[in-house]
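Chemist: The residues making up each chain are set out below.
2 protein chains.
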Amino acid sequence: MAKPTINDIAKALNITPSTVSRALAGNTRVSEATRLSVERKASELGYERNILASSLRRGVSDTVGMIVPRINRQFFSNVISGAEAILNPAGYNLLICQSHERLEDEKRGLQTLIRNQVAGIIMSHSLESENGNHIAEITRGSVKLVQFDRVFSDLPGAKIVNDNFTGAFLATKHLIKNGYRRIGTLAGGLVSAAYRERLDGYKSALESEGMTVDDDIIFPDTVVRDKGIERTAIAIERGCDALYCAGDYAALGALECARGKGLEVPRQFGIVGTANEIFTELTTPSISTLELNAFDMGNRAAQAFLDINSQNKTGLVTVTVPMRLIIRETSVRKPVTHTIAEI
Amino acid sequence: MAKPTINDIAKALNITPSTVSRALAGNTRVSEATRLSVERKASELGYERNILASSLRRGVSDTVGMIVPRINRQFFSNVISGAEAILNPAGYNLLICQSHERLEDEKRGLQTLIRNQVAGIIMSHSLESENGNHIAEITRGSVKLVQFDRVFSDLPGAKIVNDNFTGAFLATKHLIKNGYRRIGTLAGGLVSAAYRERLDGYKSALESEGMTVDDDIIFPDTVVRDKGIERTAIAIERGCDALYCAGDYAALGALECARGKGLEVPRQFGIVGTANEIFTELTTPSISTLELNAFDMGNRAAQAFLDINSQNKTGLVTVTVPMRLIIRETSVRKPVTHTIAEI
DNA sequence: GGCAAATATACAAACGTTTGCACAATAACC
DNA sequence: GGTTATTGTGCAAACGTTTGTATATTTGCC
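These protein sequence lines are chains P and L, in that order.
Quick note on the working numbering: the first sequence kicks off at 1 and runs consecutively.
Quick note on the working numbering: the second sequence kicks off at 1 and runs consecutively.
Hint data in this document are derived by calculation from the structure and do not stem from the laboratory.
Errors might be hidden in some of the hints.
No copy is singled out in the list; a pair is fine if it fits within one copy or between any two copies.
What the hints assert, rightly or not - For lysine-lysine, the following BS3-like pairs were computed, each having C-alpha atoms within a straight-line distance of at most 25 Å:
no., residue 1, residue 2
1, K41, K11
2, K107, K41
3, K177, K203
4, K261, K227
5, K41, K177
6, K11, K173
7, K227, K203
8, K107, K3
9, K203, K173
Let the hints inform the model, and build the full structure from the sequences given.
Modeler: See below:
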């Protein structure tokens with residue numbers, strides 16, 4: 001049951017492997033007749049080109065690696081789909097690794113990808129990664145790098161980021177406009193620029209309205225649901241009447257905690273999340289959130305790779321993608337129909 | 001910036017590539033001294049073994065392919081994680097393709113994987129695939145095959161399936177016990193054995209209670225939310241007071257439709273879904289559903305691959321994984337605390 | 001010290017492709 | 001009909017590893 005090779009085809013047709021290779025590659029000076037007979041034989045034998053040998057010989061690979069923290073997050077799986085939608089038609093396929101938010105797994109993933117000779121790596125680093133040194137060290141510039149969402153700005157290559165600052169700014173402003181007076185934030189891991197920018201946007205919004213920024217109601221490293229519940233309890237104790245959450249799972253926790261404590265949402269407690277996870281639309285009340293446009297980011301990341309790869313430029317391209325504020329029920333004190341505010 | 005090879009290491013150390021290879025591969029008769037110096041040099045140069053060349057030479061690959069309909073479905077992404085958890089430590093990595101439920105994409109994915117010389121393929125076929133002919137044709141037995149969830153029983157290789165029959169049986173029985181008298185079903189694509197078995201379980205449950213099976217309230221090909229809404233409207237017209245849904249997105253649509261029509265759930269209308277998607281817990285009322293144990297399935301699928309691969313047996317192993325009925329609010333007429341019924 | 005056994009390294013071929021170069025056969029030209 | 005393009009194929013080397021076999025070196029033994 002050994003896989004047929006071009007040698008098998010050549011032997012069967014009494015020609016040389018090189019002719020077969022040329023015939024299959026396209027029309028590089030091969031007669032129409034032989035090309036047809038080669039193609040017929042190939043499909044008859046069920047021949048599939050051996051990418052390993054091909055890539056090895058050509059010195060280039062058709063594989064692009066992707067590293068994401070978790071594949072089962074709506075955001076990341078949609079980025080993957082978005083990238084795939086561009087890369088597959090361009091003849092590339094994706095090798096996907098999960099970092100599980102761990103530095104060790106991220107390193108291992110990078111090594112796996114490099115060993116697999118990927119043409120490029122599209123990644124969003126784990127929350128444990130404090131800087132890009134390990135990335136620089138393992139890739140050593142041997143591969144085109146595209147970072148998205150969570151990026152280290154000192155690394156070479158393209159960067160696709162959300163306009164986190166403006167998004168968080170608008171979200172917070174929206175809470176202020178709805179009359180909330182003491183607005184805290186469940187911030188994410190501040191090693192990540194994305195979360196820092198959200199925090200900055202939050203602060204700026206408060207300041208722009210003459211409100212004071214109070215570190216007591218800023219809760220870093222709060223992304224998962226349980227942490228959201230835990231920190232919201234503290235926030236409420238400290239007099240918060242609203243939270244801007246840098247992640248939807250934290251927002252979900254905030255909602256559960258607030259309701260658990262008998263607070264009416266949104267009348268007594270306001271919430272805006274970030275990411276537009278599918279469940280935010282389905283909770284009662286539904287959660288207002290910022291849309292990250294994952295599919296679009298995937299598209300752009302893939303396109304950035306193709307650009308770098310073809311033009312061979314290592315330029316520090318940075319693309320900023322706008323976020324949309326999706327206003328649902330947890331943040332609006334008078335009933336609204338669903339509204340979308342484009343930044 | 002060319003990547004260092006074992007030849008570079010060999011040259012730098014004045015030894016031959018073969019010694020370097022042996023040194024890096026482990027202790028096959030290489031002196032401790034050279035092994036150490038090779039390792040030092042390797043990490044100094046940032047050497048990473050070229051998997052393409054290695055696999056080509058050894059004739060085996062460290063890559064396992066996976067084909068799933070959609071990566072952003074909770075079920076599938078968790079199966080992937082489950083498989084990864086077994087395969088990564090075993091030295092394999094995953095090449096993932098999405099079929100988007102389309103036959104053409106599935107074929108293309110298979111070809112991609114075969115071309116990439118994967119050691120095995122773990123897959124769940126698309127809803128457009130009516131039989132396994134294309135799979136047999138493209139793989140030609142050159143690769144270990146493991147199917148999960150949606151399987152074609154006539155294909156060789158291992159199969160990991162849920163106990164769909166018993167699950168649907170229990171779900172329907174549960175609705176009956178809660179006093180619903182005219183129970184319909186939103187069934188999935190019946191080309192798939194998984195959905196057929198769920199339908200059979202549903203029918204058996206009705207029959208076991210002396211209730212009649214009425215084709216008018218059996219709605220095939222209903223998996224997505226919109227279809228769920230649409231078909232539920234018809235079901236209600238036809239006098240249904242409950243639905244067993246073979247998918248959670250359909251169940252979500254059913255819930256929205258029923259509430260939209262002013263029906264009180266669960267008092268006037270009962271719903272049980274399938275898959276335990278994350279949102280089922282978060283809707284109001286929360287949706288009772290069958291848990292598919294995705295991570296576990298991934299584990300078992302990966303383990304099945306490893307077994308086939310090492311023992312080189314092509315045996316028709318079929319593993320059946322039990323489903324759990326998670327009783328939440330949409331199906332219980334008197335308040336309950338969350339309960340889990342193990343099959 | 002001489003021989004056998006054990007140890008460490010080198011040599012060379014192979015995995016399946018691709019591709020520059022050479023060559024043969026045909027076609028085109030004066 | 002001889003020279004030159006043009007076209008179609010073959011030859012052989014190369015990509016970076018791995019590995020069977022051969023060779024050189026060391027060790028152990030009497």
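Chemist: Each of the hints needs a verdict: does it hold here or not?
Modeler: For each hint, the structure was consulted:
1. K41 with K11: within (11 Å within a copy, 44 Å between copies)
2. K107 with K41: Between. Shortest inter-copy distance 20 Å satisfies the 25 Å Cα cut-off; intra-copy 44 Å does not.
3. K177 with K203: within (15 Å within a copy, 55 Å between copies)
4. K261 with K227: Classified as within: same-chain Cα gap 16 Å, cross-chain 38 Å, threshold 25 Å.
5. K41 with K177: Answer is neither: 71 Å inside a copy and 62 Å across each miss the 25 Å cutoff.
6. K11 with K173: neither (73 Å within a copy, 64 Å between copies)
7. K227 with K203: within (21 Å within a copy, 44 Å between copies)
8. K107 with K3: between (34 Å within a copy, 18 Å between copies)
9. K203 with K173: Classified as within; 10 Å inside a copy, 55 Å across copies.
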